[in-house]
Every structure is written in structure tokens, then in C-alpha cells.
Amino acid sequence: MRAALGVLALAVGTSAAVLGIATLGLGLRRGDERLLRNGRRYVFVVLAAAALAAAAMEWALLTHDFSIEYVAENNARATPLLFTITGLWAALEGSILLWALVLGGYLAFMARRFRERATDPLVAWATLTGLAVALFFFVLMLGPANPFKTLADVPSDGAGPNPLLQNHPLMAFHPPMLYLGYVGFTVPFSFAIAALVTGRFGEGWLADTRRATLVAWGFLTAGILLGAWWSYEVLGWGGYWAWDPVENASLLPWLTGTAFIHSVIVQERRGMLRVWNLSLVIATFCLTILGTFLTRSGVVDSVHSFTQSAIGPMLLGFLGIVAAVGIGLIAWRGDRLRAPGRIDSPVSRESAFLANNLLFAALAFVVLLGTVYPLLAEALQDRRLSVGEPYFDRMTTPIGIALLFLMAAAPALPWRATTGEVLRRRLLVPAWTGAGVMVAAVVLGARELAQVLTFGLAAFALAGIARQFAVGARAHGVARVVRSNPRLYGGLVVHVGVVLVAVAIASSSSYSTKREVRLRSGESATVRGYTVTYLDSDRERSGQKTTVSAQVRVERGGDDLGVYAPAISTFPNSTSGIGTPSVHTGLREDVYLTLVSSPNERGRVTIGVAVNPLILWLWIGGGVMALGTLIALAPSLQRPFRRREPTPAVGLRRQNDEEREPVPV
Amino acid sequence: MTRRLLPWLGLGLVVTVTLAVVLWPDGAPSDSARARALAEEFRCPECQGLSAADSSASTSRAIRADIRDRIEAGQSDEEIRQAMVDRFGESVLLKPESGGLGLLVWGLPVAALTLGAAGLALALRRWRRQPAMHATPADEALVEQARS
Chain P
1 MRAALGVLAL
11 AVGTSAAVLG
21 IATLGLGLRR
31 GDERLLRNGR
41 RYVFVVLAAA
51 ALAAAAMEWA
61 LLTHDFSIEY
71 VAENNARATP
81 LLFTITGLWA
91 ALEGSILLWA
101 LVLGGYLAFM
111 ARRFRERATD
121 PLVAWATLTG
131 LAVALFFFVL
141 MLGPANPFKT
151 LADVPSDGAG
161 PNPLLQNHPL
171 MAFHPPMLYL
181 GYVGFTVPFS
191 FAIAALVTGR
201 FGEGWLADTR
211 RATLVAWGFL
221 TAGILLGAWW
231 SYEVLGWGGY
241 WAWDPVENAS
251 LLPWLTGTAF
261 IHSVIVQERR
271 GMLRVWNLSL
281 VIATFCLTIL
291 GTFLTRSGVV
301 DSVHSFTQSA
311 IGPMLLGFLG
321 IVAAVGIGLI
331 AWRGDRLRAP
341 GRIDSPVSRE
351 SAFLANNLLF
361 AALAFVVLLG
371 TVYPLLAEAL
381 QDRRLSVGEP
391 YFDRMTTPIG
401 IALLFLMAAA
411 PALPWRATTG
421 EVLRRRLLVP
431 AWTGAGVMVA
441 AVVLGARELA
451 QVLTFGLAAF
461 ALAGIARQFA
471 VGARAHGVAR
481 VVRSNPRLYG
491 GLVVHVGVVL
501 VAVAIASSSS
511 YSTKREVRLR
521 SGESATVRGY
531 TVTYLDSDRE
541 RSGQKTTVSA
551 QVRVERGGDD
561 LGVYAPAIST
571 FPNSTSGIGT
581 PSVHTGLRED
591 VYLTLVSSPN
601 ERGRVTIGVA
611 VNPLILWLWI
621 GGGVMALGTL
631 IALAPSLQRP
641 FRRREPTPAV
651 GLRRQNDEER
661 EPVPV
Chain H
1 MTRRLLPWLG
11 LGLVVTVTLA
21 VVLWPDGAPS
31 DSARARALAE
41 EFRCPECQGL
51 SAADSSASTS
61 RAIRADIRDR
71 IEAGQSDEEI
81 RQAMVDRFGE
91 SVLLKPESGG
101 LGLLVWGLPV
111 AALTLGAAGL
121 ALALRRWRRQ
131 PAMHATPADE
141 ALVEQARS
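If you're matching them up, the sequences are chains P and H in order.
Just so you know, we're using the working numbering here: the first sequence kicks off at 1 and counts up by one.
Just so you know, we're using the working numbering here: the second sequence kicks off at 1 and counts up by one.
For the record, the hints were derived by calculation from the structure and aren't laboratory data.
Just to be clear, a hint being listed does not mean it is correct.
Some chain P residues judged to face chain H by a derived CB distance under 10 Å, without partners named [claimed, not checked]:
1. Gly199
2. Leu235
3. Leu369
4. Gly388
5. Tyr391
6. Leu423
7. Arg424
8. Trp432
9. Lys514
10. Val517
11. Gly579
Here a beta-carbon is modelled for each residue, glycine too, at the ideal position from N, C-alpha and C.
All chains, full assembly: derive it from the sequences and hints.
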């Protein structure tokens with residue numbers, strides 16, 4: 001019944017996508033406005049179908065309908081309500097369903113936002129492209145990734161979700177956030193394809209998709225950081241990022257997406273980089289598909305590759321088609337894409353954006369290469385190799401530091417050209433602030449190059465941002481400074497978040513202390529000024545899981561910081577125990593406790609004690625980045641929304657754009 | 001001119017001296033730092049994606065203990081790496097080799113970044129030589145037409 005409803009919804013969604021594509025295609029061919037207006041309506045049918053299918057799956061999960069294979073594998077009668085609901089994204093088939101639902105939502109938003117321009121070929125082509133992507137995911141679900149496959153022998157109870165996925169409430173937020181980010185890039189991608197097909201690759205499509213791109217980027221940022229948080233709170237090794245292929249897969253589109261958000265500004269201001277921007281958007285979309293392929297086809301071993309399946313070839317084929325279409329269209333339009341741009345000086349805002357893009361592209365390349373290297377080694381030389389932290393740290397740290405430097409210096413550079421006087425006025429004090437912090441760090445004992453540079457550049461960036469806010473406040477008044485140019489100040493707030501994240505990463509990666517202590521009940525040990533006392537342990541059964549937890553009192557200099565309970569849980573569907581760390585969170589440092597082994601016959605436990613500095617600022621930095629994204633989305637007071645028509649050739653733009661300079665010089 | 005440059009020169013000096021202090025070699029690393037650095041290079045064989053330094057699995061503890069013993073016995077880093085490869089196979093190494101196929105993964109990004117930077121420098125030169133264009137009355141008329 002539920003399975004039939006689900007399959008029916010999927011069939012409806014598939015047909016709606018096909019009909020929508022056919023209607024829009026015919027309308028575009030014949031120039032028939034009625035067909036174009038009708039065609040876009042199928043988007044809402046696609047959304048309704050995806051929502052119905054997802055609802056059918058949730059219904060099946062909530063009623064423990066084990067006749068559906070997916071439910072039997074990812075749910076059990078004893079699974080708690082929260083993890084029954086999150087079962088929708090606990091494995092491959094459900095995740096694809098969530099993907100289709102989110103995509104339907106984005107497409108419906110797009111169709112609604114552009115309802116008055118339904119007959120505009122750009123919008124029609126974008127809708128058609130979006131529907132084609134949706135069609136692929138619906139076909140995937142009707143074929144190899146069918147979430148509603150039924151079982152002939154209905155088991156009396158299901159296996160339950162993967163133990164790692166039913167251990168922390170963050171599981172309810174991290175995957176949907178990530179998908180809202182991943183899938184959101186379909187909107188700028190669809191418009192990029194539409195711009196190429198219609199030949200309108202001026203700045204029109206960029207203005208049309210600016211908000212959607214920012215929304216997707218914001219969700220992706222939040223999703224990645226929530227994933228890091230989940231990893232820190234659940235996996236129990238004391239870190240938050242392991243350069244796991246799944247983590248890399250989420251980082252890749254973020255890197256190219258971030259490059260895009262910056263280079264768009266150059267095209268808007270100077271009309272340059274058209275090919276580059278189109279390529280970045282298409283690459284970002286390709287990387288989301290590649291990420292899904294890497295993580296969901298079981299092609300690489302990783303904590304997250306919970307499933308092995310036959311959908312790998314289909315995803316790879318889709319990736320090939322998307323890449324071929326993108327490259328083909330760019331090659332076809334190549335002659336018309338060239339813009340007569342001009343860059344006057346290597347020390348200018350636009351040059352800094354170019355350097356930013358080069359570095360982000362290099363970073364994406366390093367991460368991609370490191371992730372696929374084991375596959376290459378296996379394919380080329382039949383060797384099993386691994387790549388991990390030593391490689392990624394060595395390669396990404398210098399690029400990251402160069403990006404921090406750009407982030408500190410570039411926002412102060414004027415467009416076009418600069419003078420020594422401007423540099424002195426805008427950069428000298430922030431740069432000296434950074435140098436002062438570097439000296440202070442070294443005096444206080446910091447001896448690692450990457451850390452010292454990160455702290456110095458972080459201070460440089462913060463001082464520069466403070467200066468820009470001060471200048472803005474002088475011009476617009478303190479209360480209106482952000483609203484005077486939300487895009488600029490929102491971006492700067494995001495930069496503050498990046499600074500916090502960078503400092504937290506630099507501190508926690510080299511100033512953490514980690515020890516294992518073996519204690520009997522009542523015994524204490526001291527790790528970096530914290531005294532941990534093992535009090536007692538208990539064993540508890542709830543639902544499917546059996547949990548052994550140890551009560552540990554944490555004290556510092558006589559202050560009682562409370563009793564924490566690191567635990568190990570075992571589940572019937574997994575042989576190894578799942579550790580649950582318990583963390584005393586502080587603004588300055590965390591005390592991270594893990595139960596390494598349960599009490600032995602003599603009542604001794606092994607407790608892992610790690611002291612990690614400034615971790616909390618990683619999550620605060622993420623929050624600040626999200627806040628900055630929200631600010632950047634707000635409408636501007638100064639420049640009310642105006643619809644941009646496809647911009648004529650760039651040479652026509654005004655030579656003097658000083659009055660649009662957001663910060664008065 | 002020099003007076004204008006003075007604050008920048010001072011900044012350069014301070015940064016250089018600070019970095020020199022940071023980079024000044026302070027003797028050979030301690031045994032425990034060496035052990036930690038080596039453990040970070042090996043994959044925990046029974047878990048996925050974590051290094052032997054980060055994981056608390058029993059094989060990882062064994063690897064860490066083994067590294068400490070070998071360092072005490074006076075083995076070099078290279079000997080210890082070889083011993084790990086002999087026992088667990090080459091997939092235990094998290095750091096790609098510096099020759100052979102490893103050249104690809106270490107060298108390609110560096111080559112790409114260098115080429116990209118060179119290309120950017122060339123493009124900047126070309127862009128700078130391009131004459132600045134001014135709008136003609138005909139262009140302005142076109143814009144007006146498009147905007148109306």
C-alpha cells in the first residue's frame with residue numbers, strides 16, 4: 001500500500017518531468033508563449049510528487065512497514081522516533097528521495113520567482129534544464145535506487161539504522177542542510193546552461209541567480225560545519241575533519257562555489273571572466289554529482305559509504321553527459337563569450353579576485369586529486385594505496401594561508417588601480433596589527449610557521465574589516481551601516497566567521513593534548529591542569545542499544561566542572577562498539593573524554609582525555625558565516641532592487657564607477 | 001619617497017625577524033614528537049580513514065607502541081616506514097610516495113598552480129595593453145534603447 005503509493009508518486013514525478021521538458025522544448029522551438037506558460041507548471045507537479053513519495057516513505061518508517069526493503073534495513077521497532085524520521089536519509093535510496101524533494105522545492109521556488117518571465121527563453125531553458133536534472137533522479141529511483149522495493153518475506157523486525165547514524169540529534173540537521181546546499185547549485189547551473197543556449201551570457205543570469213547561489217552556499221557551509229561537529233561529537237577520535245572521501249566530496253563544490261561567489265563580482269563590475277564563471281558553475285554542479293558518485297557507489301572505502309550499489313554507472317554516465325554538454329556549449333559559444341575587458345593594474349580588486357580564484361581552483365584540484373588518487377593507483381597499477389592527513393595538510397596549508405592573506409588585504413584594494421597613498425591609509429594599520437599579533441604569538445611560545453602566520457593574518461583581516469565598518473559607520477551612521485550595503489557588509493561578516501574558523505583550526509591542530517589514563521574507581525589523573533576522577537560505571541539497555549558509560553568528574557584548580565559520562569554502545573547489527581565521547585565545552589578549551597575500554601575484571605577503565613583549544617570557535621565561526629550569508633541576502637536600502645536586462649557589451653560601461661564604490665575613499 | 005616607504009620597510013623587517021625566529025632550527029625533534037609524527041603517517045588498519053595517531057583501536061595502539069620501541073632501538077624513520085609496509089602492505093602509508101605514481105599527486109597541483117599563475121600574469125599583461133574603450137554616442141544610444 002505505502003510502497004504502491006510511493007512508486008505511483010515516483011511515476012507521476014517522472015511523467016511530469018518528461019511532459020514539462022517536452023512542453024517547454026516545443027514551446028521554445030515554436031516560440032509559443034502558451035506552451036511556455038504551461039510547461040513551467042509541471043515543476044509544481046514534480047514537487048508534489050516528490051513530497052508525496054517522501055511522505056509515503058516517512059509513513060512506512062513510522063508504521064515500521066518492513067515489507068519495504070529500505071525500511072527493513074534502516075529501521076527497527078525499537079528505533080527511537082527521531083531516528084525513525086531521519087531514516088529517510090540514513091542510506092542511499094532515501095537520500096536520493098530527499099535529493100529529489102529538495103530539487104523539486106528549489107525548482108518550484110525558481111518557477112514562482114520568475115513567474116512573470118515564464119515566456120523569457122532564458123527562464124524557459126533554465127526550467128527545462130532543472131526538470132532534466134529532476135528527471136534523472138526520478139529515473140534513478142524507478143530503476144536501481146528504488147526506495148520502495150518490497151520484500152517477499154516480510155521480516156518481523158528490521159535491522160535498524162547504522163549505529164553511527166542513531167547516536168546524535170545532529171543527524172537530523174546535518175544531511176538535510178548539506179543537501180539544501182548541494183542541490184541548490186542546480187539553480188545557477190540551470191541558468192548557466194540557459195545563458196549558453198540562448199546566447200545571453202551577459203550579467204543577466206548572474207543577477208537572476210545571485211540569491212539562489214548564496215542560499216545554496218550558505219546551506220553547504222552550514223552543512224559541512226555541522227558534519228564536522230557531528231564527527232567531533234560522535235566519532236570519538238577527538239577531531240572534526242579526517243579528509244575522509246565523503247568530507248572531501250562535500251568540500252569540493254564548496255571550494256568552486258566560493259570561487260564563483262567571488263568571481264561573479266568581477267563580471268558584474270567589469271564584464272570580464274564570462275567563460276570562467278560559466279565553467280565554475282558547471283564545475284560546481286559536476287562536483288556535487290561526482291561527490292554523490294564517490295560516496296554513494298561504494299567506489300572508495302570510507303566511514304560514510306554505507307552502501308554498495310549499481311547506481312554508480314548511472315551517476316557516472318550522468319556526470320559525463322553534464323560535463324560534455326557544459327564543455328560543448330562553452331566551445332560552441334566560445335567566439336561570442338569573449339568580452340573586451342581590461343585590467344589596469346595587478347594591484348587592484350579585480351586582480352585580487354583573480355588570484356583568489358586561482359587559489360580556490362588549486363585547492364579544489366588538490367582535494368580532488370588526493371581523493372581519487374587511490375582509485376587511479378588501483379586502476380593504473382593495481383595497487384592499494386591510501387592518502388590522508390599528511391598529504392592534505394602539507395598541500396592545503398600553504399594555499400589556505402595565501403587565501404587568508406588575500407582575505408585580509410584584498411577587500412581594501414580599490415577597483416582598477418591604486419596608489420601608494422590609498423594602500424597606506426587602508427592597509428598600514430591592519431598590517432601592523434597583524435605583525436604585532438605575530439610577534440606576540442612568538443613571544444608567548446608559538447613556534448610553528450603555519451600557526452604564527454594564521455594568527456597574524458587573522459588579526460590583519462579582522463583589523464581591516466573593523467576599519468571598513470568604521471568607515472561605513474562614519475558615512476551612513478552606526479545603525480544603518482549594514483543596511484547601506486548588505487552585500488558588502490554581509491560578505492565581511494562571513495570573513496569574520498572564516499577568521500574564527502581558521503584560528504580554531506590552527507590552534508586545535510597543534511596545541512591539543514591527548515592522553516589515555518587507566519583508572520580504578522575513585523582514582524584520578526591530571527592532564528594539562530584538568531583533574532579527571534573516575535567515579536563509577538553503569539550498563540544500560542535502551543531499544544536496540546546496550547550502553548556502558550563511565551561517570552567521570554572533571555575539575556580544574558579546585559573548581560568542579562561537573563560529571564561527564566563517556567560511553568561505549570553496542571548494537572546487534574554491528575560487531576564493533578560505538579564510542580560516545582562526552583565533552584566539557586569551554587570558550588578557551590574543551591575537555592574531550594572517551595571511554596576507550598569498559599571496566600575490566602579488576603574494575604579498571606581506560607579513559608581517553610584530550611584537551612582541545614578553541615574548538616567552540618569553530619562552531620561559532622560557522623554561525624557567524626551563516627549570519628553573514630543572511631545579511632548578504634537582505635535587500636539593500638541604498639540600491640533598491642532593479643531588474644537587470646542582459647547587459648550590452650562591456651566597452652560601453654561607464655569608465656568612472658567611483659560613485660558606486662561602496663566604501664567612501 | 002623613503003619616508004613614505006619607511007612604515008612598510010619596518011613592517012617587512014618585523015615580519016622577517018619574527019619568521020626567522022619561528023624557523024630557527026632548535027635541534028632534533030624529541031623522541032615522542034618523532035613517534036607522534038610517524039604515527040600520523042600510518043593508517044589505522046582496522047578503522048577507515050583515521051591515522052594510527054588518532055585512532056584508539058587496538059591495532060593502532062600496537063602500532064604506536066611498536067614505533068616507540070623501534071625509535072628506542074635506534075631505527076631511522078625510513079626503517080620504521082619499511083617495517084610498517086612489510087607488515088600491513090603499502091596501503092598503510094597515508095602519505096603518497098615521493099617517486100613513481102606519487103609524483104602525480106605531489107607534482108600535478110604544484111605544476112597546475114605554477115602554470116595558472118604564469119597564465120594569469122600573461123593575461124594581466126595582455127589585459128593591461130588593451131586600450132581602454134570609451135563609449136561612442138552610437139553606443140550610448142544602443143544602451144538607451146536596450147534600457148527603455
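What are the numbers of the hints that this structure violates, sorted from low to high? 1, 10
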